[in-house]
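My request is simple: use the sequences and hints to build the entire structure.
As you go down the protein sequences, you meet chains A and B in turn. Position one of the first sequence corresponds to residue 37 (our numbering), numbered consecutively onward. Position one of the second sequence corresponds to residue 6 (our numbering), numbered consecutively onward.
Be aware that a few hints might be false.
[Stated by the list, open to error] Derived BS3-like pairs (lysine-lysine); straight-line CA-CA distance at most 27 Å:
1. K107/A with K45/A
2. K47/B with K50/A
3. K108/B with K93/A
4. K47/B with K72/B
[Unchecked claim] Each pair of labels, with its calculated beta carbon distance range:
5. E95/A with Y76/B: 33 to 41 Å
6. V124/A with S37/B: 21 to 29 Å
7. M77/A with R33/B: 22 to 30 Å
8. T51/A with K72/B: 40 to 48 Å
9. S116/A with A73/B: 42 to 50 Å
10. G99/A with N27/B: 48 to 56 Å
Derived from the structure by calculation, the hints contain no laboratory data. Glycine residues also receive a C-beta, built at the ideal position from the N, C-alpha and C atoms.
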Amino acid sequence: NAGVTQTPKFQVLKTGQSMTLQCAQDMNHNSMYWYRQDPGMGLRLIYYSASEGTTDKGEVPNGYNVSRLNKREFSLRLESAAPSQTSVYFCASSEVGLFEQFFGPGTRLTVL
Amino acid sequence: QKEVEQNSGPLSVPEGAIASLNCTYSDRGSQSFFWYRQYSGKSPELIMSIYSNGDKEDGRFTAQLNKASQYVSLLIRDSQPSDSATYLCAVSGGSNYKLTFGKGTLLTVNP
Numbered sequence: 037n038a039g040v041t042q043t044p045k046f047q048v049l050k051t052g053q054s055m056t057l058q059c060a061q062d063m064n065h066n067s068m069y070w071y072r073q074d075p076g077m078g079l080r081l082i083y084y085s086a087s088e089g090t091t092d093k094g095e096v097p098n099g100y101n102v103s104r105l106n107k108r109e110f111s112l113r114l115e116s117a118a119p120s121q122t123s124v125y126f127c128a129s130s131e132v133g134l135f136e137q138f139f140g141p142g143t144r145l146t147v148l
Numbered sequence: 006q007k008e009v010e011q012n013s014g015p016l017s018v019p020e021g022a023i024a025s026l027n028c029t030y031s032d033r034g035s036q037s038f039f040w041y042r043q044y045s046g047k048s049p050e051l052i053m054s055i056y057s058n059g060d061k062e063d064g065r066f067t068a069q070l071n072k073a074s075q076y077v078s079l080l081i082r083d084s085q086p087s088d089s090a091t092y093l094c095a096v097s098g099g100s101n102y103k104l105t106f107g108k109g110t111l112l113t114v115n116p
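So, in structure tokens, the structure goes:
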């Protein structure tokens, strides 16, 4: 099992460009999450999907959109990237009724 | 707003010593508590979970929970240089499946 996978691993964008971060899990988990991690700020929840077909805002949703494509896949889209979105992005998943979350390897995004 | 507080460190201990990492949380209704380890440049890895008051041991790791004091800790016995990492405390409660993370404590184990 690969667990949680994320693509790409690294990305450099110019201000105003758009991109989609992809996440997939093969653990048959119902819930999936997107976080960003910045120095001194810890992990902050951007969006989450408690189950297929549902998505909800987290702590810092502005500037992002998400799509729960199916049970396995949860994507994060930046429509018009800004330098403030330079960060490391982690996707995570968990089983319904359990709170243990398992993280992907992360995407390191730089917006110039 | 739910808050999880950790000392940022760095916490430096000699090899073979006991490392003690602490975490406090603000939501008295929190029910589930987790410790994650994050090596530099890597993703968080779940190492311990605890749900009831008391101690839970797993190898060299012991998690301690005191809900009355809203306090959770992680003890690492016989610390090794490979334990050098940032340790994240995470807390959850209710049915929304969300975790609130502390900012982490950087642990350095010196050979």
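**Asked** Hint numbers the structure violates, sorted upward?
**Response** The structure breaks hints 4, 5 and 10; every other hint is satisfied.
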